[in-house]
Amino acid sequence: MDPETRFRAVFEAAYAPLCRYARHRGLTGPDAEDLVAQTLEIAWRRIDDLPAAEPLPWLYAVAHNLWRNQVRRERRRRDLLARFMASPSVAACADPAAGEPGVLRAALASLSDADQEVLRLVAWDGLSPADVAVVLGCTPVAARTRLHRARRRLAARLGISPGTQRRARSGHKQDDSHDPVEVP
Amino acid sequence: MIPLDDDLLAALRAARPDPGYQPSADSPEAAAMLARILRARRDPARRMTRRRLVLAGLPAMAGVAAAAVVGAAVTSSGPGSTRPTVSSVRTAVLDAFERDSGDIVYTTRTIQWSRGPVTTQQAWTYPAFPVPGQQVRFRLFQSQNGVPVEDTESIYIQDNSSGLTQSTTAGPRSAEIIDVEYATRTWSRQQSSSVLLAGSLSPSLIRDEIASGRFTVLGRVSLAGRQAIELTWSSSLGRLTVTTTLWVDAQTYQPLRSVATTRAALHDLLITAATTEYHILPATPANLDLLSPPIPAGFTRTASSPHF
Chain A
210 MDPETRFRAV FEAAYAPLCR YARHRGLTGP DAEDLVAQTL EIAWRRIDDL PAAEPLPWLY
270 AVAHNLWRNQ VRRERRRRDL LARFMASPSV AACADPAAGE PGVLRAALAS LSDADQEVLR
330 LVAWDGLSPA DVAVVLGCTP VAARTRLHRA RRRLAARLGI SPGTQRRARS GHKQDDSHDP
390 VEVP
Chain B
235 MIPLDDDLLA ALRAARPDPG YQPSADSPEA AAMLARILRA RRDPARRMTR RRLVLAGLPA
295 MAGVAAAAVV GAAVTSSGPG STRPTVSSVR TAVLDAFERD SGDIVYTTRT IQWSRGPVTT
355 QQAWTYPAFP VPGQQVRFRL FQSQNGVPVE DTESIYIQDN SSGLTQSTTA GPRSAEIIDV
415 EYATRTWSRQ QSSSVLLAGS LSPSLIRDEI ASGRFTVLGR VSLAGRQAIE LTWSSSLGRL
475 TVTTTLWVDA QTYQPLRSVA TTRAALHDLL ITAATTEYHI LPATPANLDL LSPPIPAGFT
535 RTASSPHF
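So the protein sequences, as listed, match chains A and B. Remember, this note's numbering sits 209 above the position in the first sequence when you count from 1. Remember, this note's numbering sits 234 above the position in the second sequence when you count from 1.
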């Protein structure tokens with residue numbers, strides 16, 4: 210398969226998931242389009258490096274890095290804007306959504322950037338812990354650990370005790386009394 | 235996708251933003267993006283680089299319309315006047331821009347920041363609408379609260395990009411910069427990989443908006459004694475909304491004035507209001523001299539500007 214044919218197939222498969230990835234991180238319009246386009250442009254330039262079997266996690270990793278850079282730029286821009294305004298809170302990103310989704314999203318937003326991202330990757334983007342590991346550049350065990358801890362902190366924000374949040378699974382006893390050991 | 239093994243993650247998944255969002259790789263937007271990416275690969279000059287393009291005008295946003303600012307100067311032509319169609323205005327304005335493409339566009343812009351300083355910008359762009367390969371000269375003279383701050387000329391070769399972008403993936407790759415810094419009483423002339431572009435002061439910005447046809451014709455008005463046609467459009471930049479009102483001459487269809495307001499969506503708070511006046515100057519030797527920043531007596535030359 211020649212590179213262009215392969216890239217067209219990757220584009221076909223990845224365009225919608227990457228658009229949703231951008232949307233899940235609050236990007237819309239040209240900002241979202243820029244993120245998707247830059248990710249796919251890198252994929253096209255590095256088509257020989259793209260994993261043949263599972264390109265999506267690799268693409269998510271690229272998008273993740275681009276997005277983090279974008280967030281840093283946006284924070285700098287917001288800081289600059291705040292210097293010109295009497296009320297810096299104007300540029301803040303408060304989510305005015307009401308109801309349960311709003312409460313959940315607000316609780317999510319109160320977590321650290323790292324916790325938010327691992328939860329978004331799993332719950333919103335549908336990635337497995339193994340795929341999350343590719344995106345975050347860690348081992349699958351570490352990815353599971355990060356997910357576990359982030360989920361626990363989200364529950365704490367919502368006032369949910371560990372014992373009430375998990376579904377009972379027959380034949381398994383859930384034990385949240387200690388954290389798994391993180392493998393770096 | 236993995237099965238979510240607890241209620242919390244399931245609830246979180248249900249709370250994802252815009253669950254009905256269904257982007258498609260078959261959409262026209264996706265097809266255009268694919269074509270752009272494939273084209274960029276064939277043309278190495280369009281690859282991503284890590285250089286800086288400095289945009290004049292408002293930082294990261296175009297200014298927008300404070301109707302109150304100009305309300306006193308604009309009067310309706312009355313109910314008897316007919317409102318031109320978007321299509322007819324689009325054609326006439328683009329024809330006017332085509333006629334003016336080799337001229338100099340001189341703009342003066344006043345920016346009022348919310349409870350902040352008043353920034354005044356004078357800009358000269360030549361030619362008004364450059365074609366790829368053509369040399370562009372752009373001068374920007376900025377003052378704050380009436381005090382000169384910086385006077386810069388940027389000379390570069392127009393590339394194949396559509397002209398206006400804040401991305402570093404397109405645009406000219408280097409420029410000759412003449413920069414006069416009033417605070418330090420210094421000036422410099424250097425070749426730089428940081429390029430000062432006209433940004434929101436560029437007449438191309440208006441041309442692109444008009445060409446898109448995504449504007450509304452509000453009607454005919456009298457603007458400072460001249461018959462004008464009033465147009466408006468809005469755009470969003472994240473949580474900022476920029477609304478522009480543009481008046482074009484009813485006879486020549488050249489731009490006369492634009493007023494832009496930038497508002498924060500959250501509280502509909504006015505952040506900036508910018509008023510811009512447009513003047514089309516023929517490219518005579520005397521007018522071309524205006525593109526070079528004068529060096530005030532007593533200013534010291536330095537090797538480079540701290541800004542480029």
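No lab work stands behind these hints: they were computed from the structure. Keep in mind that this is a model prediction, so the values were computed, not measured. Careful, some of the hints might be misleading.
[Unchecked claim] Pair by pair, the computed Cβ-Cβ distance ranges are: (1) Arg333/B <-> Gln325/A: 47 to 57 Å; (2) Glu221/A <-> Gln424/B: 44 to 54 Å; (3) Ala222/A <-> Thr534/B: 52 to 62 Å.
All C-beta atoms in this analysis are idealised placements derived from N, C-alpha and C, irrespective of residue type, glycine included.
Going through the hints against the structure:
1. Arg333/B <-> Gln325/A: 47 to 57 Å: 54 Å, holds
2. Glu221/A <-> Gln424/B: 44 to 54 Å: 47 Å, holds
3. Ala222/A <-> Thr534/B: 52 to 62 Å: 60 Å, holds
Going through the hint list in order, the structure satisfies each hint without exception.
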